[in-house]
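As you go down the protein sequences, you meet chains A, S and U in turn.
Residue numbers 1 to 485, in this note's numbering, belong to the letters of the first sequence in order.
Residue numbers 1 to 308, in this note's numbering, belong to the letters of the second sequence in order.
Residue numbers 1 to 243, in this note's numbering, belong to the letters of the third sequence in order.
Wrong hints could be hidden among the right ones.
[What the hints assert, rightly or not] Below, computed lysine to aspartate or glutamate pairings styled on EDC-like, alpha-carbon distance capped at 16 Å:
| id | chain 1 | residue 1 | chain 2 | residue 2 |
| --- | --- | --- | --- | --- |
| 1 | S | 110 | S | 95 |
| 2 | S | 104 | U | 239 |
| 3 | A | 11 | U | 239 |
[What the hints assert, rightly or not] Here are the simulated distance ranges between beta carbons:
| id | chain 1 | residue 1 | chain 2 | residue 2 | range |
| --- | --- | --- | --- | --- | --- |
| 4 | A | 469 | S | 163 | 37 to 47 Å |
| 5 | A | 54 | U | 136 | 49 to 59 Å |
| 6 | A | 412 | U | 44 | 26 to 36 Å |
| 7 | A | 416 | U | 129 | 24 to 34 Å |
| 8 | A | 32 | S | 23 | 34 to 44 Å |
| 9 | U | 136 | S | 13 | 39 to 49 Å |
| 10 | A | 115 | U | 59 | 25 to 35 Å |
| 11 | A | 41 | U | 129 | 33 to 43 Å |
| 12 | U | 186 | S | 56 | 54 to 64 Å |
| 13 | S | 117 | A | 32 | 52 to 62 Å |
| 14 | A | 285 | U | 129 | 27 to 37 Å |
Hints listed in this document are in silico derivations from the structure and should not be mistaken for laboratory results.
All C-beta atoms, glycine included, are put in the ideal place defined by N, C-alpha and C.
Listed below, chain by chain, are the residues.
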Amino acid sequence: MSDFIIQRRRKARIHVVLQLLLLLWIVWVVNVWSFHQSIRIDWSQGSRMEVTASDRELLEALPRMVEVLVPLDIDPSASGRVRLRVLSQALRWLDELSQAAPGALRLPVSVDVNRDGDRWEVLRSQRGLEADAVNRIHLFCGERRLSLDVDDLALIRGTSPLEPEQLPVVEVDRVRESIEAALRQIVQDQLTEIRISQGSGELPLEGSRGVSLQAFCDDLEARGAHVTGVDLTLDGVIETDTDLLLVIGGGIGRFEPLGASVRRAIDRHLDNGGGVLVLLPSTGICGLEDTMAAAGISVLPGLVAEITALPGAVTRPSYAAVGTRLDPFHPVTASLARDRIMVRYMPSRALQVSEPATALLATGPGAWLEREPGNPRRQREETPGPQILAAAAEVGAGRLVVVGNWSTVLPGSWRLDARRFLLACCDWACGRDLLPAGAGREPVSNRIELDDRIRRSFFWTSSAVLPGCALLGGLLMAWARRKDS
Amino acid sequence: MIEVESLSMSFGTRRALEAISFQVPAGSVTGFLGPNGAGKTTTLRVLTTWLLPDPGTVTLVVDGVDLLRQPQQACRRIGSVPELAPMPSELRVVEYLQFRARLKGISHSKISTELQRVLEEVDASEVLRRRIGTLSQGYRQRVSLADALIGNPPVLLLDEPTRGLDPRQVTHFRQLVDRLRGDHTILLSSHVLGEVEQICDRICMISEGRVCLEEDRGAWTERLATAGSIRLEVAGVVESIEKELATIAGVREVMADGSGWLIRSDTDVRQQIGTMARQKGWTLLELRRDPATLESLFLQLTVSGVAS
Amino acid sequence: MSRVISLTRRDLLGLFVSPVAWVIIFVFLLVMGLTFHLSLLGVDGDLRQLVAATYGGLVFWFMMLVIPPLVAMRALAEERRLGSLEMLMTTGVSDAAVVIAKWLATWVFFLFLWICLLPLWALLSTVGQVDLGALFSAHLGVALVGAGFCSTGILASAVTSHPLASAALAIALNMGLFLIHWLRFLYQPGDLQLRWIDHFSAVHHLGDELTRGIFDLRIPVWWGTFTILMLFVTTKVLERRRW
């Protein structure tokens, strides 16, 4: 019997140790397995974080590993916070994708440039990014780089002079769509070749950003294009691999209209299926009037004028043309037409459009065409009504887009809807999607108005009614227990 | 019935029970006596399977079930009432007993009849819906006993069951034990010797972890009879009366006791003392026999050691 | 199994008839109710963010860390002190059944507290559309993480002999679990170790995933295995007296 007790004790001790080790091992194995093989479901309204089958297909089809870097420069202002939220959402979505396919997409790396300045410097030089490439999603695949701006990820309706109290709010959420497009884009081997005409008084491509097209070119390159300048006045030859030729009718000093040989080269380029985007000079001709006329687009003399609203409920006529009307069917504007768009051109030429061209962008009815130089004044003889600011046409195998303003590409103006519109034009004109400017959906927002009534009723319910019920319950319980005892 | 052989129990370095052995015959009421700290409660706790005894323990059998090898089966055969049984004061008696019945495996449909039965048995039906915290000590003991009786276990272990009870409650308890005798085997531990004398068929005396005495009623009654003393008081002063008394055959010890003497002897020597008194011309004031009590036996044994 | 139910019922009854429990319920509803109200004001009525704001933040985590120990502290420690554990075990019920029942009673009471807050969400749903998916998954998170915190409470209660010591130990264990999240600062964003830390981090599970409606199987796997481990160790601690 004594043996029995000793035996039992010994057995019990050994068993406990063995059982504990076994259980620890099981816990370890199960957790490691679930770490690698997890199932994730998005139950929230809208399920924006759900990785669908098509997302997985896209990830599996990526031929090479894609890496992501997001430098954040946190801006505490209202619009900065909204932008940061959009970036955070994009980071989370990339995180989800990375979890679904860790071999195809590496975990996104984000760095706070203010807090981790050193690390940002190291990463920046490693990747060859500019110092102001912050608050963007940079995707890297091999040698290729693609950058997504917040404006690509979401349409944010910000403050306007008419409504300074309004907080910026996300109107269209494009995070998933733009990341998908970027992933598709970055793994393609061929870059879009964009050539910008030089030698006629245009701004140079490089240089200090105030007086060059550097910002514009960087943006295009960030979107997966290769941008070079071509001096058409020298060669008169446009390389055959050019997808898009940009003619910017303005710069330092006066723009020299393009000569006939250049025009012929451009015509050949169009015949070969290339694209041309012409940004008209504010005065004078650009030299391509014949080509444009053959496509149904003619430039009217004068500048578009409108009554402009200024802060302080003052209005006065100015040369600021605001394009608000878009063609709902044309590929350039179809997806933009859903949104309330306001493309500001200061100033803009007006176009006359006939078959086979299509008017893309027009002003509201209050605009007119001011033919006399000097301050604009509304006069009856001047052409009233919506003025056409941009038009597009298919010429032969190629595509032509004409826009009435060239100063959009200046660093100070290259933003908001004007940028979006011009990028959409570029996309269509070169025949390859750089990034679709449309798509996306309204963010699911369940915001309720917190008026006084709701505030009060919530306050009283949460601080008095519910705890009061608990108090009552306790008293009832105490009374029930005292009964019969 | 309960069979214990060579039960040892230590707590760390302290040896609480030193190879004790005893038996509790089926249907009897056995009193487990000892001073505080002797090991009574420890023994009972081993029998309820709460404590595991030391190696070297030979036998622990309760109602035919080996406690060491089949503790869970043994548990079901035992109903125990610990000292000052801790019961949750916020529950009602019915709620607590229902819970205990469910734990002991009474099927749901039979619970209310079982509760009625046990409460009637202990005569506490009137407190069914009272909160345990409001019960007097007497009722608490009864409820505790009712709990032990749930499931009708053949063996009952009661630890100091009359602690804190007033004389009427004690009488009541005694009557209850009488009723239970025969159907149940009862081991009750106490240091209140008067009660044990009245209730128990058998006693087992334990001191400092060792059994000093284990006897049936008949045997100890006889032992008490012989362990008694004779008290003698004579008028006046008689010199060397102790020496003279010591010469009587069978006298073991003569002790002064206030105004007289206590004489311990193997047999009843009053006649011899009377004869001597007449011979010596002593005036007898008192000559009486004090039978021993369990208490004196207890004091004797637990101070001096194991009884012969 | 039925014994576990009986034990759990008895413990729950004991909990709910004690005034301490109602004090806890009252204080909980008052504090969390006010937190809810302040969160609603803080997100400016945006119901999508409200779930993450209410089931996150300092007050929420304080409740999560502190309430299970307070509810569990008397579970085993007090019973052992009073001797009623002995009365329980000598009916032949197994150690595992006792441990599971104590844990279950603690966990059910804990969940009851959070369910009592649901009327606030019901009220909210009359004026706006509450994200039910996110609300459900947030409560799932509270249940899972709560199961883990309750199990540490039971373990602490078995190991110590005084309820206050048990509460202190349990709170310390819960804090340890909670602070795992802050090991992130040892690593740079993008490191694989961060993924491992996220696997064990309660803050990540609730704050980044469940309160936003994302359910990941890793979460119940981790908290489930952790709870089982704790309850197993507790059972062995209880069994020690037999050897």
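Index of numbered hints that the structure contradicts, given in increasing order: Numbers 2, 5, 8, 9, 11 and 14, in rising order.
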